[in-house]
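**Q** Below, each chain spelled out in residue letters.
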Amino acid sequence: MVISSSQQRTGLKTGRRTPISLGPPVFLWVPALFVAVAMLLAPAYLVIRTASAGQDALSLFLRERTALVLVRTVALAISVTAATTAIAIPLAWLTVRTDLPLRRLWSVLAILPLVVPSYVGGFVLVAAFGPRGMLQHFLSGPFGIERLPEIYGFPGALLALTLFSYPYMLLNVRAALAGMDPALEEAARSLGRGPRSTFFHVTLQHLRPAAASGALLVALYTLSDFGAVSLLQFDSFTRQIYVQYQGSFDRTLAAVFSLVLIALTVTVLFAEGRVRGKLRYYRSGVGTGRPPMIVSLGRWKWPALCFCGSIVLFSLLLPVAILGFWLVQGLLASIPLQAVWAAALHSALASGLAAIITVTMALPVAILAVRYSGRLSSLLERISYTGFALPGIVIALSLVFFGIRFATPFYQTLGMLVFAYMVLFLPQAVGSVRSSVMQISPRLEEAARSLGHSPPSVLARITLPLIRNGLLGGAALVFLTVMKELPATLVLSPIGFDTLATEVWNATTEGLFAQAAVPALLLIAVSSGAIVLLLLQEKRAGKTAP
Amino acid sequence: MVNIKNRMISEASVTPHPDASRPIGTLVSVKGVHKSFGNNVVISNLSLEVRQGEFLSLLGPSGCGKTTILRLIAGFERPDAGEIYISGQLVAGDAAWQPPEKRGVGMVFQDYALFPHLTVAQNIAFGLHRFKSDARQRRVQEVMDLVGLSGLGNRYPYELSGGQQQRVALARALAPGPQLVLLDEPFSNLDTDLRAQIRPEVERILREAKTTAIFVTHDQEEAMAMGDRVGILYRGCLEQLGTPEEVYHWPATRFVADFVGQADFLSGKVASDTISTEIGDFVNARNLPSGSLVEIMLRPDDVQLFPDSEEGPYIIARQFRGSENLYTVLLPSGKQIHSSQPSTEIIPIGTRVKIKVELNHVVAFPTSTYPPNPKSESLNTK
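Protein chains in written order, with the numbering used here: chain R, 503 to 1048; chain H, 840 to 1221.
To be clear, the hints were calculated from the coordinates, so they are not data collected in a lab.
Don't take every hint at face value.
Estimated spans, in silico, between C-beta atoms of each pair [unchecked claim]: (1) R:Pro684 x H:Ser901: 47 to 53 Å; (2) H:Ser901 x R:Leu851: 54 to 60 Å; (3) R:Asn971 x H:Glu1085: 53 to 59 Å; (4) H:Lys971 x R:Ala540: 40 to 46 Å.
One-sided excerpt, in silico: chain H residues whose CB lies under 7 Å from chain R [what the hints assert, rightly or not]: (5) Val880; (6) Pro939; (7) His956; (8) Gly966.
Cβ coordinates follow ideal geometry from the N, Cα and C atoms, glycine included.
Modelling step: build the complete structure from the supplied sequences, incorporating the hints.
**A** Encoded structure:
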């Protein structure tokens, strides 16, 4: 008997046909609505609170101080973006398109700095170049140098953010370069353009959407970042919000700062959405499948190697060395590790709870978005993405306001902290669940209904078992991301509830570098797991893109 | 064999058909149904009736709306206008709506849609959740024997061949004993040999189960072979509904004449009782108005050829088809027609022939500005 090709399949075609156009069932859109309301609660209250302060708020907004902070924040974002672009584009080109020696090694090493959370990056710089840091330690003896140029402020923040976030841009640009049809450059050459002209007029232009998308992501990351700027004492919005929250009696200024920051992040997100749409047009060509033209570097090999080497030195070797140094110092001084152990347990507890709750809340939103697409479900999905636009410190602050005013028993409890985590990381979970659901053909659910099962029964017996692995992956991702979270944890955690992240932060601000080393190393390990999971998920989602 | 009739319990939300005098034996009644997706009108004012126990084939080129009708009957889509009755009860319309799980309509999907995380036996048992455990097991075994899958109960779908998967899909749909089974292009995923084997099997299984079935296909041969009646669909409209013989010999519209079987259309002019064409006169059987321009349908087997030395039509091509030769003849007017002759004899290309056409019944249509040949959209054989 001839075995047909359908033996390889089990009859699953990710449906091109529209799913059941019967309207979303109640048991899905009610929880989804609840989630949307929960997401909007805090920011809405922030707006109300600020608006109710009325004139005061306006005058605070128009003060010179606000303008200064705004200028500083925007300047940092622009500088970091420029710096990462200056690093990422050459690196991408060198590792993808030239005959650079040890190309693959450089590729992997260049991506690795992603695993360093920004505040650990801050710790590394302070512990290396700060007044009580490693460099001082080495130089004070033989050279008698007592004071180093300041690492704090703008230079430090720029360095910390650039060194550990350029991989975001690198990944984008590299993918665009690797996916580019070599025929484009070959056509340019055949029309009389030399290699340099081809690079500037063809290659670079092709990279524009990917670079723009990467740049906006880096800008968003910089605007929202709290850990690095606070440890390096740079007065951008996030640090100022925290300082105002901690210091003043009237927190209206903090609220005003938060609103301006939200305006900035929303603008960036909006721009990123527009650029991402354009990206699809560029990637639509299937290409010829030929390998790209490799450029021979010749004697430029050495400068190129120096460039790659120095990047890897500062972004990878330096942190490893610093952490190693201070770890050894800590062991020599036999610093007790019970605090770290307790912090690790707390981290695990909070992250575990957050993972379970966030993925559960993400389920109705994701299923609605995929199976019952329409105005209501896309609105609910968009609302759930507010977590992207709101920096952690802003969510924390708005929940503080909300908690004090309305939910006093919840204020400074683990419950409120987990709620903050949910608001922050729901978009991640929705993305995970969404791509899992998309891999299941709607025909399976229709078949189940034709056999007499109601929609809740279909969800329980067919959909959930089939997306189980995706759900676990999403939960693991949320778990790992929550463990690294800093600002919301600092502000909202119950008294005495330290996590690994707050341990690093507290120890660094007090100059107790040895104490920060172990939790920092643990966090890097956790972060690596998260990055691996994310890359795996993206690969899987890319395979089944509709 | 247990055959559970009327599994669909009348719910409070379902309105019984007010008109009790429907024709006896009608299982499904579709009245004036419209359906569009966005700006795309897929079904336009469609009405049809399916009799109890019959096999109805719905045939048409891709995009004609046949799968949509199936989905409307099953309850996976809602009609924009019109009504659908199953067993006399209104299941879709302005006043009422019955969800798919309550309709007692089984469905076999084009890609089978077997649950990958369940075994064959669990797949088949999926619709039997209201049965008691031992009754369920018995029924599963019964149905597996019926379709010829005994012993494969513990396998998973990915371990089965295409033909076996199809049987599981069929068994699963039949297990609850539905009154109606819908099949969406059930054989299009199988290669030709397999299809020739499986088709009569499926037909036998469904007849034994005494189930009413609606097939959707774009394969003519399949539709004509398996259907008690055939419905021809084109661009959302039902062009004709009748037995295969009726549709083949007495096509109601030019599309049907062109789509079903092979046909040439010869232009002619009506003069009261006769239609005159360049190859002769024909009876004006359909009483078309005098003086109008019409087209007469000619099937290749209607056209006889006699080699002749005079001026006139001659053969320009010959296609060998096993038992017959299909000749293309060029008429003096420039028109080409086809003739089918036994392949025991070969008439060489270039031979001048005399054409004789004898039609038991004349099928003629008024000449209209008809859209280009839709046959290019459909696949006659796969």
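**Q** Would you mind marking each hint as holding or not holding in the structure?
**A** Checked hints:
no.	hint	verdict
1	R:Pro684 x H:Ser901: 47 to 53 Å	violated, 37 Å
2	H:Ser901 x R:Leu851: 54 to 60 Å	holds, 57 Å
3	R:Asn971 x H:Glu1085: 53 to 59 Å	holds, 54 Å
4	H:Lys971 x R:Ala540: 40 to 46 Å	holds, 44 Å
5	Val880	violated, 15 Å
6	Pro939	holds, 4 Å
7	His956	holds, 5 Å
8	Gly966	holds, 3 Å
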